[in-house]
Each structure stands twice: as C-alpha cells, then as structure tokens.
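Q: From first to last, the protein sequence lines stand for chains A and B. Residue 43 is where the first sequence starts when you use this note's numbering, and the numbers rise one by one after that. Residue 43 is where the second sequence starts when you use this note's numbering, and the numbers rise one by one after that.
Wrong hints could be hidden among the right ones.
In this list, chains with the same sequence are indistinguishable; a pair is considered to hold if it fits within one copy or across any two.
[To be verified] Under the rule of at most 30 Å between Cα atoms (straight-line distance), these lysine-lysine pairs were calculated in the DSS-like manner:
1. K215 / K160
2. K445 / K66
3. K66 / K114
4. K441 / K132
5. K66 / K253
6. K66 / K160
7. K441 / K61
If you're looking for bench data, these hints aren't it; they were derived computationally from the structure. A quick note: this is a predicted structure, and the numbers were derived from the prediction, not measured.
There are 2 protein chains.
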Amino acid sequence: MDDRIIILIFDGIGDRPVKELDGKTPLEAANTPNLDKYSEEGINGIMDTIAPGVVPGSDTGHLALLGYDPYKVYTGRGPFEASGIGMKLKSGEVAFRCNFGTIEDKIVVDRRAGRIKKGTDSLAEAINEMDFDIDFVFQESVEHRAVLLFKDPSLGPFVSDVDPHEEGLPLKKSKANREETSSQLTAEHLNRFTEKSIEILSEHPINIERKERGLPPANVILSRGAGAVPEMGKLEEMKGLKSAAIAGIPLVKGVCELAGMDIVQVEGATGGLDTDIEAIMNGIVDNINNYDLMIVNIKGPDLPGHDGDHMGKIEFIERIDSSLPILENIENTYFAFTGDHSTPVTVKNHSGDPLPLIIKGEEVRVDAVDSYGERSCATGGLGRIRGSDLLNVLMDLAKRAEKFGA
Amino acid sequence: MDDRIIILIFDGIGDRPVKELDGKTPLEAANTPNLDKYSEEGINGIMDTIAPGVVPGSDTGHLALLGYDPYKVYTGRGPFEASGIGMKLKSGEVAFRCNFGTIEDKIVVDRRAGRIKKGTDSLAEAINEMDFDIDFVFQESVEHRAVLLFKDPSLGPFVSDVDPHEEGLPLKKSKANREETSSQLTAEHLNRFTEKSIEILSEHPINIERKERGLPPANVILSRGAGAVPEMGKLEEMKGLKSAAIAGIPLVKGVCELAGMDIVQVEGATGGLDTDIEAIMNGIVDNINNYDLMIVNIKGPDLPGHDGDHMGKIEFIERIDSSLPILENIENTYFAFTGDHSTPVTVKNHSGDPLPLIIKGEEVRVDAVDSYGERSCATGGLGRIRGSDLLNVLMDLAKRAEKFGA
C-alpha cells in the first residue's frame, strides 16, 4: 500500500510577537509537547499560503493548499459557500452569499433579522416561487444565512454587493465592477431580485407573525460576495488521490467539495470554539483507510485571533495539541501540521505572515528544529515554500508523484 | 494613522567573499554598528530582486522592487531615462538614450564629444527643428547625455543601437531585432534621424566654435537602449499608497516617476560618491509625514563595486551606516534595508547574487540574526524572498494589505 497523506490545517494559527507574552507568539507561548515532538521527528519550514505578504481568505487559502491557483479559479466567495451547503453547481453559474435582513423604509436596520433561526425554509420556498426572468435557486443555510444561485451561464460575476455591510444605511444598488455586458446583466437581475424579495417577504405569514411577537421581520435578501462557479479540475483526476475533507465551516467544505473531495461529516465538529476536537481526530482515524489524502480544517485558532484574545488562542492550541496522540496509531502516512493563514491577535484579522509547517513521516530529512513555532520552523530544513507546493512535496515523499519528463 | 513604509536601497550593496578581506564581503568587513543593531531588532533574509541568478539592471531591479514584473513592462532603458529627466511620455512611444558624439569620416572617434558641458541646449534646439516624417522630441540632459523620443504610437521598440559602443568603429545601422513591421519602421526612422542629425550638427555654430578651439565637435547623436513607454499602473491606484522616491540618478527617478510616485528633490544627492547622505536622510525625515511609502536609492556602493575597489565600498557603507540614526526618530514605520542588485568588486559589474535584507518594525517576528551581511541575513526568519514580494510583505506588516478572498 502506498503511503497516505494527512494535512492538518490549524485555521489562523500563525501570529506575531505579543507584548503580553514577552514577545512570544501565542503558538510559541503555548505548551505543545506533542507538536514539539513532531517538530523534532520531522522536517520544518515556513509556508506562504499564496505568496509572501499576500493575505489569504479561508477560501483562497484552501484553494492554494489543494494546489489550485486562486488567481485563476476565484472570483468571489459565493460558489464556495453554495457548494458548502450542498448545492449542486455548474461552472459559469453565479452565486451570492446572502443574509435574511430587516429593512424599514429602504434602510437596513438589522443585517441578520434578529439572527432568525426558524422559518427560513418557508421563506426560501416563497422566494423560489418568485416569477423571475432567469433560472435561479435560493437556499437557506444556518440561522440568517442563505445562498442565491443565478443559473444562467451567460452572466458575469463582477458585481458589487446589495448588502450595505452596515446597519442604518440604505440598500445598495448592485453595479458591474467591469465594463462587460455579462456582469451588467447580473447586476440588473440582482437588483430586480432584491426588489421582488422585499415584496414577497414583507407579506409572508412568518414575518407577520414575527412582527406580532415584536421580532424583526426577515423582509429582505441582502446579497454579497458574487462569484462564478469555476471550472476546477477534480483533485482525484489531477493528482490521482482519493481524497476526503473534514471541516467545520461551510466555506471550507465548499472549496473541498468543488475540488471533488468527499466530505466526512463529524458530529460535534462545529467550526466554533466548542468544536469536539477528539471527535475530529477520531474521524480521521475512522476514515483514513478509505482515502489517500485527508485534509482536516480545525477552525478554532482563527476565532480568538479575530478577537485579539491571545490567552484564548493559547488555550485552544493546547487543546489541539493534547488531542493529537491518537493519530500516532496511523501508520504509513505523511503528516503536515500547518495553517491556512495567520490571524495575529495584534491584527485581529487574517494576515500574510507565513505559517509554521511540520512534515512528519518515514523518509523526511529530519532537521534540528525541536519545537513548533513561527520562528523555530523558519530555521528548518524545508526553508520557505508556498501553499501550492505543499501537496506536491507530500506526494513526492509518499512516492505518489509522477516524474515530469524522462 | 496606519503604519508607514520606508525602503532604503543601497545600490549594488551585495558582494562576494574578497581574498584581501580574508574571505569577507565588503559589507561583512565594514563596521556597521547601526545596521547590526537593526538586524538584531528586526527580521532578516536574503532577496533575489528578480529571480535567483538573474542579474538586474538598476531599472529592472527597481521595477521589481515596486512590484512590477519587469518581463512585462520593460523593453529597454530609453523610456525610464526619458522620464527621469522630466519628459512627459505616453504609453507606446519609443525612447532612446543618446550621447552627443564625434565622428570623422563616419568613424566614431569620441563617444562623448569630449564630455561636452555647454551648448547642448542650442544643439538640441536645432535638432528639434529638423524636418522629419514623424513627431519626435529630442532633449539634452547632463553633459553629453540626451534622450530621443519618437512619438508615433505605431512604432515598435525592438531595434539595435546606432551607437557602436566603442571608439574607432563606424556608426551602426539600426536594425529590427524582431520580424515585425513596427520595429522595422523604427529602425528606418532612427537611421534617417541619425543621418539628419549629422547634417544639422556639423554646420552648427557651437561645433564650428568647438573645432576652432580644438575641441571635438558634437556632430552626431549616438542612440541606444530603445524601449517602449510601458502601460504601467500607478502604485497609488494599485496598492493604495501615497508614495515618494529620493534618488540621485535619472534612471531610478524615471522608474519611480513612471510608477506615479512623487520625486523628492534633495540638494546634494548626486548619485556619486560625493553625495550628501545626511541630506538624503533629512529628506526622508522632512517628507515622510506626507507619504505612506518612501523609496530611497543611495547609489554609492555600486560605484566602487564597478571599480573593483573593496576599500572604497567599505568606506561608503560605513558612511551610510553612520548617517542612519536620525531615522530612528521616525515612528510607526516599517523599514527595509536592502539593495537593488549586487555589484561584487570581484565581478566589477552587477550580479545576480541575492541581497541582504532587514525588515524592522513593531510587529516583526524578530529572529536570531544580529549583524547585517550577506551570510548572516541568509540565516534569518524571512528566508529567501523575491524583490516583487518585498512591498507586499511590508504592506502586510503595516496592516495595509487587502485580503484576497474571504
């Protein structure tokens, strides 16, 4: 049996020196005996997910890690979000992330309609019965979230958002960002769709009931993040790897799904700080025998990064570390331990700082690094590589790479 | 206020081990307490301005450092030289560097017309009155130097030089280097322009007077370095940075000007060994509050590099080092200390050896390097990056980068 590959992606793990930690990063400050051991047993490096200094999104970052060029396949978040909630997509269709929101006199007063939890399925059903000039599908997701898909393949994805992104502002008119008829058409359709959504939702029984109960009605669809469904080759065809992903958040699931990977559903893997890390690790153990490659996103470290909470980040990293030993039972496997982007607590957002990376497995050129951190890994034998190199490096180690040339 | 960025480019600073310096490079041998301190406080690395082993020119090197792809925007030196002396250019026009030279019986006997200093303005005026089939502008620069601009946008830039580059040889006929009508046309125009310049200049009173005084007449325009004015996006539009440059030599000023940067004129910044480094540093301090980005070229180290003078290079580097502390008063700023290319004293010309690089600022991942040199920086936390990455890395650190994706 050929060696297998498991890539553990600690979302947002990379950071910058933090004053309150005596100039250490949260990862450097965290007590991570297991990751440190893997550093010692493996080869280490730093990785620019896209390119040095380029700030990855979760979508573009995972695309790069799967070996795709995000500059070629990515036009916006919509299609990845759509795929992540299980919608079937065809390349060329245009998808939008949506919220159910609340407007009063054309002013957006609540971008999440009071974080509406129930009844969005009925609202979506009513929307889908809309009399509209082009084929579309509207699908509700969790809470106030939803996705809109324009199925007409002649439309372009380069349009601005209807969502004003701030409460107290009027709805925006979508406009084409490029001088092309196809995107201008999309903007026109989207504006008309938005108007009609208001008409349909305002009179809907669910909203009448919400108003009676003093809750903000979900009376508008706020759309954003337009993107065209890309023509993406499947990982299995391109790399010959039977692949699966475990991920808590729809966006990452969507990227993996569009890459043709199986999605392994793990109960308790929420994508939040409450996620069940042990369940995720068990999900790997239980499924790896069916796959050549598993990619596992653990969202946790990103969240305290966004909140600027260095202690929370340390704590979550330590929880990850203590859950790892079960993976040591998996044989004949090359492991990568890394992230998709940095989310420094000093930045409170994604950054382009490179990620620490360990590759562990039978035949790696073990280096002198013996702890897992942004700076220790920078002195390792892998040097500085790119996200799009990672899978190739791992396939090569696992003797799964094909020679280019003779 | 967002953090600002200052890039100090020590022209030609990179070098190779020198026997006479016990195998140290001039930079390693120089006493640079300030740069060493910045190394210790910062993160270090090495940088290939264009790509490993590719030998940059001053023009292509600075283009790469500003984030442009020189393989896309560069066809020859002409337009950057033209822009550097203040000519207004339109994309597609073809520019040439020129010398006033001296010919006798079609043989070039002096490529610089005795380094003529006065009267070139009158000569240029006469040239510009030439009866010629296409629009052109000819403008004198310092001493024997000048620039010729063909303003016809249908011309191609791929033509050989009229200048034989060696004295005692006949004038060359310009020829197209590519089989394209547009460049063939340029060669024909250039050859006719050269013939006509001889006719006009030979009879010009300035030259009659020079001959009477026993000076070589400036009786021919020797052109070289044809290049098309590129369609270059402006740095401010592309990166959102209000930017300025300080540079001693027109070529570098020209690159920065075509990138849409302001040029800060510093009295005493000559681009020679006599340049006033303190004045340059004061120029930074006096202007940084008006800009997000300043790029500062200090030409000095390149000159002894070309001369093979390792002691001269050490001395100039030490002069730079001692002038740096005034910059420590500038707050909220990320600094890069690097070069545009190596000019090893053993090569006496530009080389593709990577450049030492320090990045210093609030949130960098400080590494273990504590001296500024080609080899010490190679062990630093930045690893090996490219010139085209530098601005992205700095913008990311300064929290000025935009996320690509979601």
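Q: Tell me, please, which holds for K66 and K253 at an alpha-carbon limit of 30 Å: within, between, both or neither?
A: neither (51 Å within a copy, 74 Å between copies)
Q: Is it within a copy, between copies, both, or neither that the alpha carbon of K441 lies no farther than 30 Å from that of K61?
A: Classified as between: cross-chain Cα gap 18 Å, same-chain 44 Å, threshold 30 Å.
Q: When no copy is specified for K66 and K114, does a C-alpha distance of 30 Å or less occur within a copy, between copies, both, or neither?
A: neither (37 Å within a copy, 42 Å between copies)
Q: For K215 and K160, with the copy left unspecified, which applies at a CA distance of at most 30 Å: within, between, both, or neither?
A: within (28 Å within a copy, 63 Å between copies)
Q: Are the CA atoms of K445 and K66 at most 30 Å apart within a copy, between copies, both, or neither?
A: Between copies only: 25 Å across chains, 42 Å inside a chain, cut-off 30 Å.
Q: With identical chains, the pair K441 and K132 could be close in the same copy or across copies; at 30 Å between alpha carbons, which is it: within, between, both, or neither?
A: neither (34 Å within a copy, 37 Å between copies)
Q: Measure nothing new, just compare the shortest in-copy and cross-copy C-alpha distances for K66 and K160 to 30 Å and report within, between, both or neither.
A: neither (45 Å within a copy, 63 Å between copies)
Hints 3, 4, 5 and 6 from the list above are not met by this structure, while the remaining hints are.
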